[in-house]
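Using the hints, put the two chains back together into the complex; each one sits in its own frame.
Sequence lines, in order, name chains H and Z. Using the working numbering, the first residue of the first sequence is number 1, and each one after it goes up by one. Using the working numbering, the first residue of the second sequence is number 1, and each one after it goes up by one.
Simulated from the structure, these hints should not be mistaken for laboratory data. Treat the hints loosely; a few may be bogus.
[What the hints assert, rightly or not] Derived SDA-like pairs (lysine to any residue); straight-line CA-CA distance at most 25 Å:
(1) Z:Lys74 with Z:Lys291
(2) Z:Lys291 with H:Ala254
(3) Z:Lys173 with H:Ile127
(4) Z:Lys359 with H:Ala254
(5) Z:Lys290 with H:Ser424
(6) Z:Lys290 with H:Thr430
(7) Z:Lys68 with H:Ser364
(8) H:Lys201 with H:Lys300
(9) Z:Lys365 with H:Thr61
(10) Z:Lys103 with H:Trp432
(11) Z:Lys366 with H:Ser49
(12) Z:Lys230 with Z:Gly247
(13) Z:Lys366 with H:Gly70
(14) Z:Lys121 with Z:Asn296
(15) Z:Lys359 with H:Asp255
(16) Z:Lys315 with Z:Pro337
(17) Z:Lys68 with H:Thr345
(18) Z:Lys365 with H:Tyr256
(19) Z:Lys230 with H:Pro130
(20) Z:Lys358 with H:Phe53
(21) Z:Lys265 with Z:Asp71
(22) Z:Lys67 with Z:Ser307
(23) Z:Lys67 with Z:Lys265
(24) Z:Lys103 with H:Asp255
(25) Z:Lys103 with H:Ser49
(26) Z:Lys358 with H:Ser49
(27) Z:Lys230 with H:Glu140
(28) Z:Lys365 with H:Ile69
(29) Z:Lys365 with H:Leu73
(30) Z:Lys265 with H:Phe346
(31) Z:Lys173 with H:Val142
(32) H:Lys137 with Z:Asn267
(33) Z:Lys103 with H:Val31
(34) Z:Lys265 with H:Leu350
(35) H:Lys137 with Z:Lys230
(36) Z:Lys366 with Z:Arg214
(37) Z:Lys168 with H:Arg343
(38) Z:Lys106 with H:Trp432
(39) Z:Lys68 with H:Asp333
Since the structure is predicted, the reported quantities are computational estimates derived from the model, not experimental observations.
One letter stands for each residue in the lines below.
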Amino acid sequence: MSEASTLLPHASSRHIQRRGLLVLIYAMLLVSIIYPMLMILYESLFNASEGFFAHAGSVLTDRDVVLAIGNTLQISVLATLIAGSLGVTLAWLVARTDMPFAKVLDPLNMLPFYLSSVVGALSWQVIASPKIGLLNKLLEPVFGAGPVVNIYSITGIAFVLGLFYAPYIYLFTLESLRSMDASLEEAARMAGSSILNTAFKITLPLSAPAILSSFMLVFVTCAGIFGVPQVLGTPGHITTISTIIYRAMNDYPADYPTAALLSLLLFLFTAALIVLQIRFLKNKSFATITGKGYRPRPLKLGRWRWFGFGVNLFYVVLIFLPFTALCAVSLQDAWTGSFHWSRLTFNNYLAVLFVEDAARRGFSNSLIISSVGATIAIAVCFFLALIVQKTKLPGRKVISLISTLPVAIPGIVLGLGFLVGFISTPLYGTIWIIMFAYIVHYLPTGLSNMEALVQSVSKELDESARMSGASWSEAMRKIMFPLLAPGMISTWILLFVTFIREVSASVMLYTLGTETLSIALIRIMEYKPYGISAAFGVLQTLLLMGAVILLRLVTNRTSSNKGAH
Amino acid sequence: MLQKLLNAIVLGALVCAGPVWANDPPPIIKNEQNAAERDRVLKLIEEAKKEGSFHWAGVFIEPEEAKKIQDEFKVYYGLPNLKMEYSFVGSGPLAVQVEQQIKANKTNFDIVWASAWSWFKDLHKRGELLEYHSPYYDQYTLSKKAGLSLDGYWASDARTYQPMYNVKVLAQKGITNFDPKSWNDFLDPRFAGLVSLGDVNQSFSFAEMAESIRRTNGEEFFIKLGQIVKPVYFSKTAEGRSWVGSGEFPITLMGHGKNTSVLRKQNIDVKLVFPTEGILLMPDTPVILKKAPHPNVSRLFMDFVRSAHGVETVKNSGAELFFGRPGVKTSDPELFPAWEDVKAIPMDWDSSTPETIKKIRDLMKKAGIGKAG
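Bound-form chain Z, shown alone (with noise of 0.2 Å):
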């Protein structure tokens, strides 16, 4: 009874609150039952209103997918004019551009998401992120039981590098008996020049992944890889999904639930594999620059993807994750099984350090993994 009477009084004051909402009030504000919440949300909106666009970007979240969430983030919000753009990008060139930017004293960035811990607090121990307190980071506990959160700056999911491979394709070149635990049965003569991993000089999630595998498997895996299979590198996973579902390079050691989901859509027979070795769970972390052109939008739209609509938007577009918010039911078990069930790698993220980055890309240097020819 209480609870109706409340719904009344809010809706009372948005009717007289006509000329704010000249039609309709946005779904936030009708869904917000804090009166406090929604005076602060209000007035978010009204400055988004005023600052007119946004620009984000980001290496996971696809231009189409992206395309989905803007969508219903204007809608959400009632900002059908805001004019947003989507950048998508590898990690380390995205770092560089806003490396140059600040160095320019020209951010036009508002918001980056990427797996990108060690420059993440590296720009936060340099000032350049913006401290904001979203109310919707609290509700990430999985993320905060795990150590990837930063209060007042971010809350994160996390997303997985795993082997994938094109079923039909290796079929038609007499491979058929292939079942792989390990990723040592990826040490196969028989997959010379077959497979494809992601450009760790390009990457810092590359990078950090290939860490995890030599602190499972050792420096030898990366050894023989070099000699045995003869990787080439791809700058984004898309690159090398791309490369599986044609068929150019059928196996990549660096796929994912979202890519398989992707290909078999397209009625392209892939697996993905899950070793036994354990998989490394990365933060995949959106944060707000510090000199953000449009900082009001950045914390509404930091709001919207850290709640539980934007989460539901987020894995509905397709960008699918392990998402640091608990109860988000997965589209697929299979490729994206629960956080807790899932054999990670351990790892500790404060001490990725541009300097274990550096190492990992020498010994891949050293194993002649995406050497020049």
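Next up, chain H with everything else stripped away, as it sits in the complex (with noise of 0.2 Å):
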């Protein structure tokens, strides 16, 4: 029995399933991937009054669009720099090292990962915000007037992203130093190398593609962010050029061909960036896993491992300080710089949850476009890597190829992409459109993911469940669902935080109305800087730490289930 019939439910009627099958699968990457893309293309080649090239050329050689571009590359190199520091330094401590509380300091270094850059941002504008910022008020005696720190600043941009974005890095090099042959590390040691240059000379090198791979990631996701940038820049006069496309959709009158042209701009740019990444990677392989057993042995920092264990323990400080004052300015009927008691009061918690039509709007929409979304984003990711990994179908490769472009494309790109595209459709105007965009933007993420586990899984395990008489339908149910139910609700609940966080395509889709969390805090940012919007900042961070509590408790129960079979 081959592969593709333990799939297909009906024998007799399978090529003609087939064909229907596979027009269904493209038709439907088409529409959703490739037919907003040629929209940006149609709008900044055939939209501007001007023609094409002279549009170009106004709009490249514009001083403001050059600065952006230029801001994007500064913010992208620093952050991804940052990032990468911090990211590196902390999966080694953790995966290679005898760090003191490495267990507990783990899931804390991913915490940012789950949370929302925009409130990081509005937190540390607390922070360090040149005049009122508490640092700076703080260091005023010290250093006299003049900020000592400024967030609103192309470094400050770049400090935030490069915290938010640390745990990607280190996710991918903790993998890849965890999965290490040891003996390299103790060769080295034993030849009188210092810890510091066996990190440097044997550890890095080994684990360097996927460290690589991971800043290139960062750089890219960096390069088309808008969230932070729009936060901090607009203060520090710092456009990017994600913010001038945001600005040129926003300002009356809207400039379509504009926003396309930048957007095909970005869009060439990251798209660039990942081919090199793949190719990058197709050349290298990660050889830290010997073929003999070996047991990672943790480096023995000696005094170190306490300096080592404040490293870890100040990146966690930066992540949560800005939190708490987060919380103290929510809890002030006017932020004037520091905190008085005499202004303490809970009326902007009640002005978020009964008064801002906009952040009660926020919170529904978001939890609606979240938990259908995630559901449908699984069942469809799911489908399409049955196909992939399941079947001999032809052109599963290319659907597999199609499904991975939209890790190049940024939001803020899909986003107008998808506006162009279906603004004269039902879909504009609703929390439909929103969700959509979220599902083929993450749809590498979920079907890399349901790829995994699909592969997981062994064949012969269908296949006697079919021989022994299962239809397919029930060999599905019974042996499928069961076996891949902890993977899902995983990956469900990772798509959830993912959808409830996003800004970049939703600020192009929302109308007022279908307003989603991160939106709603950004127009109240505009009128309402502090008090109501770190009250709802703090709000969504609780929302988003509910949801990493619960992804906990999923993948230990998971864990502790695998353990005892």
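Right, dumping it as structure tokens:
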């Protein structure tokens, strides 16, 4: 019995079904991924009144655009370096050394991955805004008037992005370091190499492919990110490509051709980097695991182990401290740069829950979009993973390739594509277009998780069920789903959290009435930069933390079940 | 005597219409003396009940103020179950959203309320506004006299943008002898990095305000402002207000009486300036969109906010304006002097076009205001 026949229910009509299935999948992918990008291309090529070349010439030589491109590059490079140094150092400390409390710090290091970087930016505004930031106020008696730190700067934006994207590099590096053959390090140490020398000359070079790949991913993400540059860049006059795309669409009259042209530029840039990353990974192997049995042993840091602990703790403090400051601001009736007991109030929370329509809508819209969207995304990704991994349908590799494309499309670009492409459909002006865009944008994430899950189920299990007389649906229900359920739930929660904090695509697609949580927060910050925004940020963070705790519970239960079996 | 008799007849008629008003008739019906008008309103109320909801957007009225206005509207018209949504947004993004919806043929706003004369005139010209002759428009005589009404479409209030500053924060920075009289008094090197103003790219009203200063003080004002003071942009005046309050940017060139009043209620010492060159009285106008999904609630709401009771409600909500209806007693004559007592910068609103707005945006860009760093 072929693999394809184990998947498809009626063997007699298999041929017709195969064709129908392929047409359906290709149509789905064309409409959701290729068509929006073609609409952007069309908009930039044919809709500029002065013609494409004249328009492109004037846009690309505009001083603001040139500055924005320069800023984007600077921010992306700096943020990647910050995230890289943090991520690699923390991963090395946790995976390869005897740093105390590594098991406690490991999940804490991942926390920013699940939190909203927009809330992070808001929190850092409270700490390090040039005139009333708590840190600047604190340091004023020592250094005199004038800001010591300025979060409204290129460095400030890169710093916040670096903190929030460090977990991406941390995760990649950690996995690589954990699977490394420790004997190489031991040999170096026995030959008299110092700990740092061993780390730089043996450990990190062995993990270089994983580290560089994650660097590239962070760089690409930062180049297209919208939320943090918008929140911190506006007061400091710092623009990036994504913020000028947003501005082109938000100033009246909206400038579609310019937004489309800049989106195209941004897409080509990120796509080129992704292609580079793929090519780079193709030529490298993760040869950190040798064929012989090994057991990674941690390096002994001696008296430096507490220093390592201090470094890691400092990172955790950099995440939690601003959030604490945000909580303080949320309890003040007016923020004047310092906390006053006389200004203590809970009214900001009441306003978020009962007065601010945008906030209320943000909560309900985001919960609907994220829960329904994550469910649909899981179903779609599972279906595609089955096709790619468990069938021999012709063209399944192309399906996989097209499904991976959105990884190279920045959210704001995809959002613009959806807006231009679907404005004349009933989807426009609903929360469903936002949900649709999220599913497409995170299709690569969902699909890679689902492919890994589907791959993990041996085909013999499925085949023996079918040979014992079980129908296709019975085999799926009784064999596949029970085995895949925990992994599917984890992926569902991961997508739910990602959808809750998404901002880049939504900013192009929301209408007043369909705001998501992050959009509502950005909108409220425009007229309530402190107090109510802080309360809103705190509530959003609590929601995300709840989801993270749930995720931990599910994954822990899954691990313990696996252990028991 | 005749009046009392009429009232008795009205009340009798209302009692007979028992099924319509199971309990008490709403105040608007109780207070209305004219039978024809009462019938008209009753019909609108019945249609409004069927429509069930209403979505309005504005650039000046803040969410907590909108809540108070909505609550009173529902009570006054006996529509307790009406679902009302409000969106507070800058006029630029509002225009973009409305235009997108018109393009998509899917309007979800009923009423938009903004200082956006040129855009509203353009919407009117394109037939995108709902014609409605509210009986209260005629009572908006100040608006009509100032040329800020368009028969069958709108009657305006007015608002201003004026300098506003945090006295205590400036004193902490050693600036104590500060009593500005003119716009030019803000061209002071001591204020470098302390001043904010509205983003002319995101709002018609900020752009029109900047245009009025250009008229009185010349282009030089902005060139010097960019060179000497290097102000930052905010998206909404409420953001500038928070900055003034917190001391982050303790001076704004585009504050107004309402924001001064809000900060003073928070025990923050702020001053509002009435420059000798004058200030701009900008029309602040609610309009009903042609394809409003709830046209009858929109008509009732328009009646409400143009009526004496509605204007009092708007004023008491905190969203105090220079009302186009005469006889509204100001809550604070220092912050809100009578319309006729304000030295207004003359402005021909019909000459305000997208081109003039583009010119002022270009000037600000040339002056380096809000430039990318």
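Agreement of Lys103 of chain Z and Ser49 of chain H with the hint, judged by alpha carbon distance not exceeding 25 Å: holds, 18 Å
field: Lys291 of chain Z paired with Ala254 of chain H [C-alpha distance capped at 25 Å]
entry: Roughly 21 Å separates the two Cα atoms, so the pair holds.
query: Would the pair Lys230 of chain Z and Gly247 of chain Z pass a check requiring their Cα atoms to be no farther apart than 25 Å?
result: With a Cα-Cα distance of about 17 Å, the restraint between Lys230 of chain Z and Gly247 of chain Z holds, given a limit of 25 Å.
field: 25 Å limit on alpha-carbon distance, applied to hinted pair Lys290 of chain Z and Thr430 of chain H
entry: holds, 21 Å
- prompt: Does Lys168 of chain Z pair with Arg343 of chain H here, judged by a C-alpha cut-off of 25 Å?
  reply: holds, 17 Å
field: Hinted pair Lys137 of chain H and Lys230 of chain Z, Cα distance within 25 Å
entry: holds, 23 Å
field: Distance restraint between Lys365 of chain Z and Tyr256 of chain H, which requires alpha-carbon spacing of 25 Å or less
entry: holds, 21 Å
- request: Verify the proposed pairing of Lys137 of chain H with Asn267 of chain Z, using a straight-line Cα cut of 25 Å.
  value: holds, 21 Å
- prompt: Going straight from one Cα to the other, do Lys290 of chain Z and Ser424 of chain H come out at no more than 25 Å?
  reply: Status holds; Cα separation ~19 Å.
message: Can you confirm whether the C-alpha distance between Lys315 of chain Z and Pro337 of chain Z stays at or below 25 Å?
response: holds, 14 Å
query: Taking 25 Å as the top limit, are the C-alpha atoms of Lys103 of chain Z and Asp255 of chain H close enough?
result: holds, 14 Å
Pair hint Lys365 of chain Z and Ile69 of chain H, alpha-carbon separation not exceeding 25 Å: holds, 18 Å
Hint compliance for this structure: no hint is broken.
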